Amino acid sequence: MPKSPNHYDALIVGGGLQGLSSAVHLALAGLKPLVLEKDYPGRHASGANAGGVRRLGRDPAEVPLSVASLKIWQALEDLVDDSGGFVACGQIKIAESEAELEGLCRRAEAVRALGFEHEEVIRANELKELVPALAGSCVGGLICREDGAASPFRTVSAFRRKAEALGATVLPGVAVATVKRQRGLWRAETNQGAFEAPSLINTAGAWGGRIAEQLGEPVPLTPKAPMLMITERVAPFLTPVLGCAGRVLSFKQFDNGTLLIGGGHMGRAEPETNRTEIDFAGLAVSSQTVQALFPQLAGVKVNRVWAGIEGVMPDQIPVIGASATEEGAWHAFGFSAHGFQLGPVVGRIIAELVLEGRSSLPIEPFRISRFREAAAAA
Amino acid sequence: MSRAVPLLVIGAGPAGLAAAAAAAEAGVEVVLLDNQANPGGQIYRGLAAGGAGREALGADYLKGLPLLEGARHAGVEQVSGASVWQVSRERQVHATREGKVEAWQAERLILATGAMERPMPFPGWTLPGVMTAGAGQILLKASGLLPQGRVVLAGSGPLLFLLANQYLSAGVTPAALVETTPGGRLMQSLNLLPGALRAPAYLTKGMGLLRAIRRIPRYRQARDLQAEGGEALEALSFTAQGGRHRVACDLLLLHQGVVPNLQMTRALGLAHDWDGRARCWRPRLGAWGESEIAGIAVAGDGGGIVGAAASALQGRLAGLQAAHRLGALSEAERDRQAAPLQRALARERAARPFLDQLYAPDEAFLAPSDETLVCRCEEVRAGQIRAWVGLGCLGPNQTKSFGRPGMGPCQGRMCGLTVSEIIAKERGVSPAEVGYYRIRPPILPVTLGELATLEDSTDHAEVPESL
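Residue numbers (the numbering used here), protein chains in the order written: chain A, 1 to 378; chain B, 1 to 467.
Keep in mind the hints are simulated off the structure, nothing from the lab. Among the clues, some could well be false.
List time: in silico DMTMM-like cross-link candidates among lysine to aspartate or glutamate, alpha-carbon distance up to 25 Å [stated by the list, open to error]:
1. 301(A) <-> 102(B)
2. 400(B) <-> 39(A)
3. 400(B) <-> 232(A)
4. 400(B) <-> 164(A)
5. 400(B) <-> 277(A)
6. 400(B) <-> 82(A)
7. 400(B) <-> 270(A)
8. 301(A) <-> 77(B)
9. 100(B) <-> 232(A)
10. 400(B) <-> 77(A)
11. 301(A) <-> 379(B)
12. 100(B) <-> 279(A)
Treat the numbers as computed from the prediction; the structure is a model and nothing was measured.
Just need the whole structure built from these sequences, with the hints factored in.
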């Protein structure tokens, strides 16, 4: 078979942060990856998330990865020549009752038992110092002082530019219809012709389940649409990113004064059409939460509301690792609406897997076969 | 809780009033939502309240009275002061009224959100003391307010002449009328004149207006406009008739025609087509104004500028069709009532191509000079947008990542068309190819406190750890 001009070292399906980070790390190792993106880089979850760079409150399985990823964030300029707008403003989970605070203490203990020290309990007086505007009823919180927030689109753009500068190819508007392995090469049929490479990397986010299915390993992924609100500008009053122990909230103020309110109230996702529908009942709950914490914000106007399309797994942790059914294929998808912070390290893990066949971080809990095992056990 | 209604009409201008009346006359329960204190829309604003100085506003203004009476008589439930800030594809509607959020679930929905003035950007257009001619007219209609000090009107389009005449009738003589319609426009439009003669009332009215305003100093084919002033407006300067002019003024009223108000149809994700002659988008609609989404129709200027009379006809037709779809009107009865309306509509629309061509906005305002502020909310200038195109920015949605235009409180109303036009011109393609901002709800600002009043706020959270 003649060597196709569309021959690359790796086909990466999905040009979000996970795919672009994989491209950067593979290209750093001298490979020539090709990123196929059906829309444009960062169009969905990677561009439409709250930008939280958070280790706080992670699933125990994610903690080692999240800690390693923060180290990359702290020196992101060394990797992609741009900080991604990352600012270590801290993240706090607020307790509104003594019972909630006890829960946070137990959580900090559990994280310490894993060998990590980044989650720290603070009492009411320190909370008041860090967030003076907060309603007096809050009794304490859990803080990760070095966590923070970044700019999603700026981060995605930086990874894209770096990948391209290192020799990777990023093709927007290329939708993969089928993937198939033949004669040792993966072949992706797309709306723009066929592409081939020895390796296949599935970073297709909410669409990742479709690729996995073609590899003969279907997963129970649900596309969901976490909603975000942005308000008009208000005078600066808040530095850290806030969450709540007992409610759904992610709350922060940007440098320009606008407030971002999110946290996981779901709209409706339509992955077929790229469309999301907002459910204002969920946003009304967010508004009530913000009002409970900051009664002085009742008159602030909401400017925009949107939702990205995220792939959510039933156990709320992603699929990361080698295909269990096919040679030369790896997955990193289904980040269940909290993949942004993990992006930098996930690309490194993928590059390790492709080049060395193993990762230096514990990724066993993320194996794709866990769903089949669970079904077999049931 | 959402209140279920068979037919919900949004916007109580000519189209909405007529649509609601037609369906209600057929026996349909109709709710008509409007964000103003009284029905009538922009064109008949203040008419229902019976404000002072109606006569100064002219005979056309009083034509709104039968429309207002028609909706009342038919038993339409009119909800005033309701700011609709979201409409979903499932026809759920959210509005704020008296500080509280109300929700409706409509079986059928007619959007009659009308027109808005095309922004007219040039250096200094954001100075205090500069506003749109439409805003000037609102003050006149709603509260009989007349401008203090020296007034200058600038731009193109019939509203400018109409407002000049209304000011004269009310005893205010503007200091100047600065027309920006480029030379040769009339000649370019002549081939469309025969169509316009099918609706001669527009032309007669136009000629009458031009006669009436002869007392006002008039400058033609003005270009290179600049509003001057430090803290506030002091003068308008421009080039016309072979020289540079400077007219001192305290109030500058601008007009560059009207375009459909598409915030709702955009937020719904309907397909929109570019109208090259009118230089604006319009939602793609089928017969009776029905959209591609089942149960959602558009009537009046919101579907493409047609004017008040044609809007009322389109509204009636959409109302008849809604009544038919809801089972209140047989097909034969619908068609019987529709036939004369459709004939009248064809006549009304005949003059439109001529007017669109004659008053097409000047290129200078479609894609203004580099130093001109385009997005007022986020303070983005035309030159910045051109620079981003040079960096590979292909369309309006990407500009948001470069410098946030369109992301402020006005939701891109003031800059959307300009941003699309600038990018199109830089890229050498049509605005159709460049596209428009994705419009996100809420399409009108709603406060956190108002949103929190939404009832039935069951907690839909599913991913407690997400960020």
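* Asked: Taking each numbered hint in turn, which are not upheld by the structure, reported in ascending numerical order?
  -> Those not satisfied come down to hint 8.
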